[in-house]
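Given chain A, work out where chain B should sit, using these hints.
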Amino acid sequence: MNTTWIVLGALALLVVFGITQYNKLIKLNISVDEAFAQIEVQLKRRSDLIPNLVETVKGYASHEKEAFEKVVSARAKATSATGIHDVAAADGMLTQALRGLLAVAEAYPDLKASANFLQLQEELATTENKVAFSRQFYNDSVRSLNQSVKTFPSNFFAGFAKVNEREFYEVEDPQDRNAPKVQF
Amino acid sequence: MSEVNFRSHQAANKRKTFFLLASFGALMWLVVYAALTYMGAGTAGIVPIAVGLSLISVWGSYYASDKLVLTMTGARQIQESDNPRLFALIQEVCLASGLPMPKVAIVEDNAPNAFATGRNPEHALIAFTTGILDSLDRDELQGVIAHEMAHVGNRDTLVSAVAATTAGAIAIFSDFLMRMMWFGGGRRDREGGNNPIALILSLVILILAPVAAMLLKAAISRRREALADATAVSFTRNPTGLRKALEVLQSDSTVVSHASNAVAHLYIESPLDSGKVSKLFATHPPLSERIAILKSMESGA
Numbered sequence: 001m002n003t004t005w006i007v008l009g010a011l012a013l014l015v016v017f018g019i020t021q022y023n024k025l026i027k028l029n030i031s032v033d034e035a036f037a038q039i040e041v042q043l044k045r046r047s048d049l050i051p052n053l054v055e056t057v058k059g060y061a062s063h064e065k066e067a068f069e070k071v072v073s074a075r076a077k078a079t080s081a082t083g084i085h086d087v088a089a090a091d092g093m094l095t096q097a098l099r100g101l102l103a104v105a106e107a108y109p110d111l112k113a114s115a116n117f118l119q120l121q122e123e124l125a126t127t128e129n130k131v132a133f134s135r136q137f138y139n140d141s142v143r144s145l146n147q148s149v150k151t152f153p154s155n156f157f158a159g160f161a162k163v164n165e166r167e168f169y170e171v172e173d174p175q176d177r178n179a180p181k182v183q184f
Numbered sequence: 185m186s187e188v189n190f191r192s193h194q195a196a197n198k199r200k201t202f203f204l205l206a207s208f209g210a211l212m213w214l215v216v217y218a219a220l221t222y223m224g225a226g227t228a229g230i231v232p233i234a235v236g237l238s239l240i241s242v243w244g245s246y247y248a249s250d251k252l253v254l255t256m257t258g259a260r261q262i263q264e265s266d267n268p269r270l271f272a273l274i275q276e277v278c279l280a281s282g283l284p285m286p287k288v289a290i291v292e293d294n295a296p297n298a299f300a301t302g303r304n305p306e307h308a309l310i311a312f313t314t315g316i317l318d319s320l321d322r323d324e325l326q327g328v329i330a331h332e333m334a335h336v337g338n339r340d341t342l343v344s345a346v347a348a349t350t351a352g353a354i355a356i357f358s359d360f361l362m363r364m365m366w367f368g369g370g371r372r373d374r375e376g377g378n379n380p381i382a383l384i385l386s387l388v389i390l391i392l393a394p395v396a397a398m399l400l401k402a403a404i405s406r407r408r409e410a411l412a413d414a415t416a417v418s419f420t421r422n423p424t425g426l427r428k429a430l431e432v433l434q435s436d437s438t439v440v441s442h443a444s445n446a447v448a449h450l451y452i453e454s455p456l457d458s459g460k461v462s463k464l465f466a467t468h469p470p471l472s473e474r475i476a477i478l479k480s481m482e483s484g485a
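Residue numbers (my numbering), protein chains in the order written: chain A, 1 to 184; chain B, 185 to 485.
One chain only, chain A, in its complex shape:
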């Protein structure tokens, strides 16, 4: 009689333990999805800033065609990209192109002094930081998920919860990851 209760108790504990582990994995997986959605929101915000920026720079430096075209084509690629790998690659290209455009702007003192450009610069700076921080938060979320998928005891439940390791968001240019700042 007593042993039955002990066995039942142990079983109940096991079930509770299993449920907690399962829920933990599911939650981690959802937080990775959310973090990725946040990156996309911030990338979208950056894309939305670009037409305005290009127009402003054009007003002062209309002949710098190459720099504009790079930004415009990188932006087009970034908006159509899907899947983490493509998004990350397009993101890296756009960052590069923007840097090129801002380097061009350096040569035009009138442009640099214009109120419109200064405001755009500030907006771009904060958006670049937001992109960088949402990447960082995504990668942190992925790291804790991957840790749980790989380590004991949660690794037992990963298959059951259909939760797999996730990919890190790697930007091509290593400089981007280390420095979440835009230098003008």
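No lab work stands behind these hints: they were computed from the structure.
Please note: incorrect hints may appear among the correct ones.
[Claimed, not checked] Keeping only pairs whose Cα atoms sit at most 27 Å apart, straight-line, the calculated BS3-like set for lysine-lysine is: (1) B:Lys198 to A:Lys150; (2) A:Lys24 to B:Lys198; (3) B:Lys198 to A:Lys27.
Owing to the predicted nature of the structure, the values given are computational and were not obtained by experimental measurement.
Chain B in isolation, oriented as in the chain A frame:
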């Protein structure tokens, strides 16, 4: 490579806070024990009263902390349109930390300082003096915001409320006992069988307990500050910004005019004149020490 990074600092500071909170429990137990030895079993009834009184006062202010602190410090809540740049910076740190956007307030004061409050991340409020907004650049301000958001994320309002409750309960309790000693001293005669050394020891414990509680409270506050620095770096991955901000605060000697002991632990830098409080009672580690730790993170990470 080296152990000098924000993760190890975070873990060490959490361990120390736990140890300090456990010491509070031990101190409480010691006081009750001393009271029982000295005054007899009847005094045990005061413990729930002391804890209850302290709970009501501290937890009332904890629950309404975001609103109460606003009036106590003279802070004024602002909207995004009032300072878009500050809001953009706070949004950046929110993205980095995964915390919800807090309420933001401004204190009209030339002394550079900032604080965070609120009972949980959903009811958080962070406030900045006009002085700090004027004297810091983008990166430095980001470091300060990250420090305040770290307080929010680490639930330091809760930790300090627990500390304040226990310290308050101990203070009320010893106060009660002291009064009883004056008016009911005759009681000791009936406990005549007790060891005189135990009696003297108990008396000493009762006298020193409130001081010990104050010291523990200050030590916990200092740990939480150090933890918030480490957590801030885990948000921004940029120890340099916060370090430079602290250096600016260090070089500035203006004192926040609205600050009092009651809200001192909230600020990023102790708002009180540091000459007046000894190091053991300070709510913050010395700025030079915090700067040194951040410097070691810059080279070690």
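The hints, checked one at a time:
1. B:Lys198 to A:Lys150: It holds: about 26 Å lies between the C-alpha atoms, which stays within 27 Å.
2. A:Lys24 to B:Lys198: Within the cut-off at roughly 22 Å; holds.
3. B:Lys198 to A:Lys27: holds, 24 Å
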